[in-house]
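Trainee: Below are the chains, spelled out letter by letter.
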Amino acid sequence: MKKIEAVIRHFMLEEVKDALTASGMQGMTVSEIRGFGRQKGHRDQYRGAEYTVDFIPKVKIEVVVTDDNYGAAIETILRSAQTGKIGDGKIFVTDLEAVYRIRTGESGADAL
Amino acid sequence: MPLFGSLLTACVLLGLTADSVFSQEAPASLGEVAPAVAAPVPLDKADIAWVLVSSALVLMMAAPGLAMFYGGLVRKKNILGIFMQCFTLMGIMSIVWAMWGYSLVFSGDVGGLGLIGDFGYVGLKGVLPYIDANNVQQIPQILTVPKSLHMVFQMMFFIITPGLICGAYAERMKFSSMVVFSILWGTLVYCPVAHWVWSDFGWCSEFNLSPTAKIKAIDFAGGTVVHITSGISALVCAIMIGKRLGFGQEPMPPHNLTYTTIGAALLWVGWFGFNGGSALAADARAVNAMVATHMAAAAGVIAWAGMEWLTRGKASILGACSGAVAGLVCITPACGSVTPISAIIFGLAGGVACFYACTKLKNHFRYDDTLDAFGVHGVGGILGAILTGVFATKAITGPNGLHGVIEGNMKQLGDQFIAIGASMLIAVVGTVLLLKLIDAIIGLRISQAGELQGLDVAEHGEEGYIFL
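Same order as they appear, the protein sequences are chains Y and H. Per this note's numbering, the very first residue in the first sequence carries number 1; after that it's consecutive. Per this note's numbering, the very first residue in the second sequence carries number 113; after that it's consecutive.
So that you can see chain H by itself, here it is in the shape it has in the complex (with noise of 0.2 angstroms):
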């Protein structure tokens, strides 16, 4: 906990000291709506098409994706209970994220303060196409797609972020509670976050055109708002929720890398509607997303097992996965404003981190974050929204874009760290209040017996494999 203390102090320190010393930016110049009546811009199909494929894109990331990926990390006693978290998430979030979840982001905004959207779209009020006084169809729009379609691709990344955060307390965790719990986290954390960063009215947001809106945080595609909270979160669960029984003493293998091995595959190809999708675009910061969050995976593949052949003589699967998934986080706010040579940068980095993050880290302090959350989400997105600051360039952005270090722009950096630490210090804040009720009410973890048995005929009443 000190050591949350001092990074929090540090980012914001750094921060503000930035964003003092060095004059103002020009507002990103990205051919955003102002937050007043929008000009009439025609719909237009490839950005829809661009749009929906991204949106299938990011699902397939949280199943088959993750589920995959941490599935073969467990256990076999636990394989359906990662499964199910992930498809369950699935189900509820999306439904959360219509009702509620989308108008606390994209509606309008609680008093001006740029904190938090109102309830003006809740169960898509205003989203959806509807008949006017006048009997003419309206398709609420945004930009140059529908509205419902930005709404269905923003659900995806609400899905997948607490889906993150299981890794964090896998195997141990009561399946009711981390239904409460994601439910309440999602609303409590991550929508605010999302509507700082990516809200026309966030006060962090690069979209915010408003003259008193000084602090422009770039967060292309979530690494704030997905893996900074979760990668937080999850840091802040695991030492909470307590190491599983046996931790230390009892060896716990991967059971079947081999699904983690096609998970990593199914997240990589995710990754570029992840990131090409954010652009809300078929257009060139769109291709230079899904470029530069390639050749970041691409990287991080190289570092991880790399570091792994330095210091143990042998690269393996589960390095090379961790590092092409550690890459991808690092590239995650910087792929629509760096160039995909830098993007190599990030996944280099991203992968060295990350490593000594699981490792060194991990090791030093003995927490049970069972699948790396904190280490790769929580790493990397900080890592990569830092470097963000650094190689953001006008190349990419545009003549009036925001841009880094690299073109003089120190005020970017610090922008940066601003935005850093409040979405940790949100991450940590509500973490700790959530798992705190909620272990009050209905507790936290399965029982003993439980655990020992297994989530699969615990919490589930079924069995993963059935051989024999």
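Okay, chain Y solo, but in the shape it has when bound (with noise of 0.2 angstroms):
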């Protein structure tokens, strides 16, 4: 099994989970970070005190995957994520040891 963690643009995460939910993901966890890679930041001006602001509000979307998946996953979230603009984030994947539904105690696949 993989993690697929994804930082996105903030006004992407509607398309993206249509088209995740679409190619049959189950769930996902979603949180809102902040982020920069070579997208440059702001300035932010108050009563004369300048600031730099390097951190852009982002969205970091966390699906697991079984290793059959993990392709079209990838694959939805590129095409669903992109605006072909500095700044539409990056995808990690890291393997996943272990998943459990806390309910039944289910474990592996069967849990996702």
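What the hints contain is simulated information worked out from the structure, not anything from laboratory work. Wrong hints could be hidden among the right ones.
To be verified - Listed next, the in silico DSS-like pairs over lysine-lysine satisfying Cα-Cα at most 27 angstroms (straight line):
no., chain 1, residue 1, chain 2, residue 2
1, H, K426, H, K472
2, Y, K60, H, K188
3, H, K188, Y, K40
Take the two lone chains, each set in its own frame, and fit them into one complex as the hints suggest.
Mentor: Here it is as structure tokens:
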């Protein structure tokens, strides 16, 4: 199993969520984060005090997939989260040791 | 500090020069009662109703008005620190005012010098209704309202003035020190100045009808009493208490400008009571005060937002809110004597001047007047008091009323400068002495660890926001 963490633009969340659920994803976790890559931040000014704000608000989606569904899931996210401009985000993939359903205690692919 | 010295000297010299060169003017005819026995004027229900409402409006300015305005500007770890300061002042200053504050301002006068009131009204004796020797209920009165109403209306001013100073030492002042400082400052700085300017015996009061009282400063609702004293004291506090940890290095943006906006709106509406209620009557003067107040606020918005647009290409909500407040501060001494059209000039001037004070001046001298208490109230108050001497007109004050430079009377401008200089002087001296005294006994600043943790947790054991 693999854990996919996708850092995407805020306003792409609905599209990515719809695309993933349409392709069969049963669940996901979403968090609001801040980050930056090559996309520059902006300058704030409050009564003459200027700040450069490096971190940009983003959204992180976490989904867990079996090795079979992995390719399709990446494909779906890349397609639905893209605008073509700097700041579209990144996808990080890690191997997942185990997963459990709390209600029943099932584990492995049954728990997804 | 040399800046202060020159400013003070300039004020006093200008004032004395203008006074000695130009002839005396007749005292203001406001229908004010002479210090002797009052003629029995009936209580007026409309006057009472309006001043009651105004008292409520001014209290609203302390909280939620000022509390939210300031609260949104600090970092989130200090939000309750601000709220607690404002709310506590509502508690403490009310008691102080009732017990001795009102007496020190509005009772008699010690030594006839017009410097401070006596203890005639301590504990509100002589202010509250009582049954006399003939079993008749007596209701002490001032003009057409019960004295109790005058007392409670003025109480709200006494509450909010030290609240303004909180803006200078936000995020680093020890709570206990703030409490002690506010009580002593209110007693030793606010009360004298209020006595000078508003008592029938004050040495520069326009209500002083004694033939030896030559100086008649116009301060309708507290330009000197509230804004100059608090603004100057704020600057002294900012310098003596020192900068916040990380000031100039770390970004410390406002954590919630939505609060600040709500606060500014509440201050604007509340100011109708602050200025309109100062007429102590529901009359044409009160109407003029309210209209002038509103026009100044409106012009202030345009001025500050406009300056931002010109200098950095974007007008901000913080700029618009600050501009409104600057305009409101500026018109405060003038609203009972200038036309609403002149008030537009007050708003524009206040907006521009305070814009520069909060940006250029502050960045040049690098003092940490955290929430711009000096930049807005000090600068705006001084400017407003000066402009009052220019734009005061008989059209508003009456045929025997005080009037300013636009009607050929330079002396009024001189009187304004004298009052400005005097209130600045007592604010500086009083604040320096009080801060030194309090620092020696209990200290002024919270610990470094406390400051990093935030006032909410360190001083009050609470968190403003608990998300998860």
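Trainee: None of the hints should be skipped; say for each whether it holds.
Mentor: Here is how each hint holds up against the structure:
no., hint, verdict
1, K426(H) to K472(H), "holds (17 angstroms)"
2, K60(Y) to K188(H), "holds (24 angstroms)"
3, K188(H) to K40(Y), "holds (26 angstroms)"
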